[in-house]
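Residue numbers (my numbering), protein chains in the order written: chain A, 1 to 240; chain B, 1 to 275.
Don't read these hints as lab results, they were simulated from the structure.
This one's a predicted model, so the numbers in the text were calculated from it and none came from an experiment.
A portion of the hints provided could be inaccurate.
[As the list claims (entries may be wrong)] Simulated crosslink set (DSBU-like; lysine-lysine; CA at most 35 Å straight-line):
#	chain 1	residue 1	chain 2	residue 2
1	B	Lys36	B	Lys103
2	B	Lys133	A	Lys208
3	B	Lys135	A	Lys208
4	A	Lys129	A	Lys114
5	A	Lys215	B	Lys73
6	B	Lys73	A	Lys129
7	A	Lys215	B	Lys135
8	A	Lys114	B	Lys206
9	B	Lys135	A	Lys129
10	B	Lys133	A	Lys215
11	B	Lys36	A	Lys114
12	A	Lys208	B	Lys103
13	A	Lys115	B	Lys133
14	B	Lys73	B	Lys252
15	A	Lys215	A	Lys129
16	B	Lys103	B	Lys5
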Amino acid sequence: MVAIDPNLLYVLLIAISGTLICAAVHFIPVGGAPAAMAQATGIGTGTVELAAGSGLVGLITASYMYAYEPLASMALVMAAGAMGSMVMLASTMFAGSLVYAYGVAVPFASAQVKKDPITGQRQDTYISKGTQGQGIPTICFVSGVVGAGLGGAGGGLIYFSLMQIYTPLIAASAAAVAGVFTMGVFYVNSVIPSYGVGGTIEGVHDPKFRRVIGKDVFTSFAISLLCGIVAVFIAQGMMV
Amino acid sequence: MSEIKDRSPNQLMAFGIIGGLIGIYLTYLLPLLGEKIGGTIADIIVIIAPAAGALGAMCSVIWGADAVRRVAKYGLGTGVPSIGQIAMGMGIIAAMFGLAIVKTATIAGPIVALVTASVIGFIIGWFAQNVIKMKIPVMIRCMTEIAASGALIIIGFSAAVAGNFEFNNIITLVFDNGVMLAVFWVGAMAMLHPFNACLGPDERQKRLLYLAGSTGAITMAVIGIAAIMTLGTSGIFTFLLGVVLWFIFYKKFWDEVYNDAAAVVGTGLIPKTEA
């Protein structure tokens with residue numbers, strides 16, 4: 001294998017994890033304000049809140065793994081992050097579904113596809129007039145869990161890379177600095193795709209998904225690369 | 001209703017940058033001045049110095065809130081909070097970079113952070129405009145301004161908690177104990193809340209700026225509580241000053257609301273035809 005400068009490797013890893021977070025946002029069914037009134041498919045809150053909420057839980061579980069097993073491999077830290085995120089988003093969607101089903105009493109239907117790709121059930125006949133679908137159908141739920149997994153893995157990867165850079169320099173404070181920097185990268189990368197999708201997206205089956213993911217991922221990669229370079233420079237600054 | 005001229009973006013930008021930097025640098029210069037004078041006055045100066053950082057951050061909050069107003073007016077499709085969060089995301093990355101990269105030349109830190117934030121903001125704005133194609137004419141400029149004010153807000157409030165803006169000191173007193181999260185979140189709220197609360201057809205800049213002043217001041221009070229933990233007496237001063245400023249600005253905002261409410265006129269009933 002070609003020897004690669006460790007700093008360059010970390011910059012690339014941070015860029016990749018930023019891109020993972022950006023891609024993750026596209027999988028999560030976000031309905032925004034219309035969904036909060038059960039007039040659109042998805043969870044009734046903003047893209048950023050969902051992506052960041054699930055991602056930060058992933059960050060907590062990833063850092064928990066790292067704190068108790070400092071020799072854990074990169075894959076383990078990423079898996080811990082993915083697990084935390086997936087549990088967080090799945091429980092959010094489950095609780096939301098209970099409210100939609102038993103509180104608002106709407107049938108779950110997607111407005112973007114005629115048949116649910118997973119269950120094969122008709123969707124269009126269940127959509128109320130004047131709405132963009134309601135609730136969280138199976139495909140959205142699955143897509144959301146997959147997206148949360150990607151986001152959590154991305155968060156774990158940034159945290160892992162930053163810990164590798166900072167721990168030799170500021171042993172005790174590395175976790176705090178890495179955690180806060182990860183949060184910064186997370187917010188930048190969850191807002192950019194949310195501008196791309198324009199507030200609402202149903203998940204992987206939405207035609208919008210294919211239309212916007214290319215340019216969003218490109219943007220995110222470029223900006224995360226910049227963040228990675230900045231992270232390595234911060235480490236240079238710590239070496240007094 | 002008589003037309004009231006808005007403050008221009010350039011005026012507010014100058015106010016935010018100059019006010020912010022003066023406040024942040026005073027936390028560094030006042031103790032030096034105190035050393036020269038000596039005696040009781042020196043003690044008092046050292047106690048009030050960190051509050052200057054929070055005052056500087058308040059200036060930046062007012063500037064940032066106006067930048068949020070200008071860009072969010074176009075409708076982002078994701079709600080106003082998203083822009084406050086990206087501002088703090090960019091701001092924190094730039095602030096850490098600026099304060100760390102200068103090593104022992106501490107004095108240059110805030111300016112380097114400000115420039116870095118502007119560059120990051122410009123790049124993100126450029127991508128949002130040209131790659132994601134958001135079609136918001138003020139996007140690039142506002143993104144740059146928002147990132148820069150985010151960095152100043154973070155440094156200002158951090159300096160109020162840590163006593164100065166030396167990176168290792170900030171790591172010990174702001175990062176390690178988790179106060180950074182409060183700075184991040186409450187700072188973001190201070191910046192995004194004014195437009196989020198005031199938006200609508202009768203939104204006016206003057207009212208929004210007073211509200212921005214009040215959110216900045218209440219943030220200062222919160223930061224003061226954190227500073228009581230780290231700096232003791234200085235924190236009490238920051239807290240009290242924050243509460244007093246909050247009362248002043250909130251009263252002004254209150255008066256503006258009353259003033260504007262008197263000018264709201266009836267628009268008639270909703271048309272009968274179904275939309």
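Evaluated hints:
no., hint, verdict
1, B:Lys36 to B:Lys103, "26 Å, holds"
2, B:Lys133 to A:Lys208, "15 Å, holds"
3, B:Lys135 to A:Lys208, "18 Å, holds"
4, A:Lys129 to A:Lys114, "15 Å, holds"
5, A:Lys215 to B:Lys73, "24 Å, holds"
6, B:Lys73 to A:Lys129, "30 Å, holds"
7, A:Lys215 to B:Lys135, "15 Å, holds"
8, A:Lys114 to B:Lys206, "50 Å, violated"
9, B:Lys135 to A:Lys129, "31 Å, holds"
10, B:Lys133 to A:Lys215, "9 Å, holds"
11, B:Lys36 to A:Lys114, "78 Å, violated"
12, A:Lys208 to B:Lys103, "46 Å, violated"
13, A:Lys115 to B:Lys133, "31 Å, holds"
14, B:Lys73 to B:Lys252, "23 Å, holds"
15, A:Lys215 to A:Lys129, "33 Å, holds"
16, B:Lys103 to B:Lys5, "45 Å, violated"
This entry does not satisfy hints 8, 11, 12, 16, going by the numbered hints stated previously.
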